[in-house]
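Residue numbers (my numbering), protein chains in the order written: chain A, 42 to 156; chain E, 42 to 156; chain R, 42 to 156.
Treat the hints as calculated values from the structure; they're not laboratory data. Careful, some of the hints might be misleading.
Since the list gives no way to pick one copy over another, a pair counts as held whenever it fits inside one copy or between any two copies.
[Unchecked claim] For lysine-lysine, the following DSS-like pairs were computed, each having C-alpha atoms within a straight-line distance of at most 30 Å: (1) Lys44 / Lys120; (2) Lys99 / Lys44; (3) Lys140 / Lys120; (4) Lys140 / Lys72.
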Amino acid sequence: MIKRLQVGDRMSQVVIHDGTVYLAGQVALEKGGAPVAEQTQHILDRIDGLLKEAGTDKTKVLSATIWLSDISTFDEMNKVWDAWVPEGNAPARACVESKLAAPQFTVEIGIIAAL
Amino acid sequence: MIKRLQVGDRMSQVVIHDGTVYLAGQVALEKGGAPVAEQTQHILDRIDGLLKEAGTDKTKVLSATIWLSDISTFDEMNKVWDAWVPEGNAPARACVESKLAAPQFTVEIGIIAAL
Amino acid sequence: MIKRLQVGDRMSQVVIHDGTVYLAGQVALEKGGAPVAEQTQHILDRIDGLLKEAGTDKTKVLSATIWLSDISTFDEMNKVWDAWVPEGNAPARACVESKLAAPQFTVEIGIIAAL
Numbered sequence: 042m043i044k045r046l047q048v049g050d051r052m053s054q055v056v057i058h059d060g061t062v063y064l065a066g067q068v069a070l071e072k073g074g075a076p077v078a079e080q081t082q083h084i085l086d087r088i089d090g091l092l093k094e095a096g097t098d099k100t101k102v103l104s105a106t107i108w109l110s111d112i113s114t115f116d117e118m119n120k121v122w123d124a125w126v127p128e129g130n131a132p133a134r135a136c137v138e139s140k141l142a143a144p145q146f147t148v149e150i151g152i153i154a155a156l
Numbered sequence: 042m043i044k045r046l047q048v049g050d051r052m053s054q055v056v057i058h059d060g061t062v063y064l065a066g067q068v069a070l071e072k073g074g075a076p077v078a079e080q081t082q083h084i085l086d087r088i089d090g091l092l093k094e095a096g097t098d099k100t101k102v103l104s105a106t107i108w109l110s111d112i113s114t115f116d117e118m119n120k121v122w123d124a125w126v127p128e129g130n131a132p133a134r135a136c137v138e139s140k141l142a143a144p145q146f147t148v149e150i151g152i153i154a155a156l
Numbered sequence: 042m043i044k045r046l047q048v049g050d051r052m053s054q055v056v057i058h059d060g061t062v063y064l065a066g067q068v069a070l071e072k073g074g075a076p077v078a079e080q081t082q083h084i085l086d087r088i089d090g091l092l093k094e095a096g097t098d099k100t101k102v103l104s105a106t107i108w109l110s111d112i113s114t115f116d117e118m119n120k121v122w123d124a125w126v127p128e129g130n131a132p133a134r135a136c137v138e139s140k141l142a143a144p145q146f147t148v149e150i151g152i153i154a155a156l
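All chains, please: the whole structure from these sequences, using the hints.
Put into structure tokens, the structure is as follows:
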């Protein structure tokens, strides 16, 4: 009844249960230290890939939580975010400031989607 | 299968899927700069309105996440929160400190509810 | 349709709806001021207890959010977390820094699980 993808010892990148898809908080693994806009784009590309692997896509995102290590980058992140959101299918969203696991990561995005 | 209300380019205020309702993180849009208690009341009024629009109400809230820009306002927020929670129907809850998108907002609340 | 356990005026520790279980953010209530590893273990023991009371267990955790009051304790927390995660059943996870409700608590964990 529960399907997990990219399963590690610490977390799974995707967990599917009863039509709902939970993604692990995504950071810009290959873009650490890059500007916020670039990290955001890399994260959204990763999210697109994980959603595809789960059998869904960005038109079915229900909810997003965005953590910025510095909230003054809000507008820079949003420019990339707004371009990614599919017209008419924007998810519920919260965006707050929190330091992340490693200082080279300045954006983290968690997603709940429908299958 | 997914119903979205108050849909914007950045986020939807309400997303409904399979009996579960996700609200965008609510801030006190019309009370920026007001004391924490007043912002909290305004947010909870907004949440009541969004839940009504979704076809549900505060007795069916499953989970709440509360972000305070200054955790020392915990008691001030709770006084308003506790009065709002319907007896016997309190949601699961987490409350932590995070700076929010704009400095005039000192409280943000995210809600998951049942339809 | 909604079942709540350990219901208080402020929050319920467990809320169950349609096969999904939401736990309140757990802190180390009896270990305030203890080292992060000890707080983490106490929290995970509490989570095991709440999941059992809900009729489920840690092999069915879908998603976890971990807040650390000091992100430099990331490795210390993870050592305990990694040992707790059941092989092949790791949840989606996000871990960020946020101050918590009281300074003696340095770790808080929120859980969504399947019944």
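Hints, verified against the model:
For the identical chains of this complex, Lys44 and Lys120 are inter-copy neighbours only, at 25 Å across copies versus 33 Å inside a copy, given an alpha-carbon limit of 30 Å. In the homo-oligomer, the alpha carbons of Lys99 and Lys44 lie at most 30 Å apart both inside one protomer (19 Å) and across protomers (15 Å), since each shortest distance falls under that limit. In this assembly of identical chains, Lys140 and Lys120 lie within 30 Å of each other by CA distance both inside one copy and across copies; the values are 21 Å within and 20 Å between. Both within a single protomer and between protomers do Lys140 and Lys72 lie at most 30 Å apart by alpha-carbon distance, with minima of 17 Å and 24 Å respectively.
Hint violations for this structure: none, all hints satisfied.
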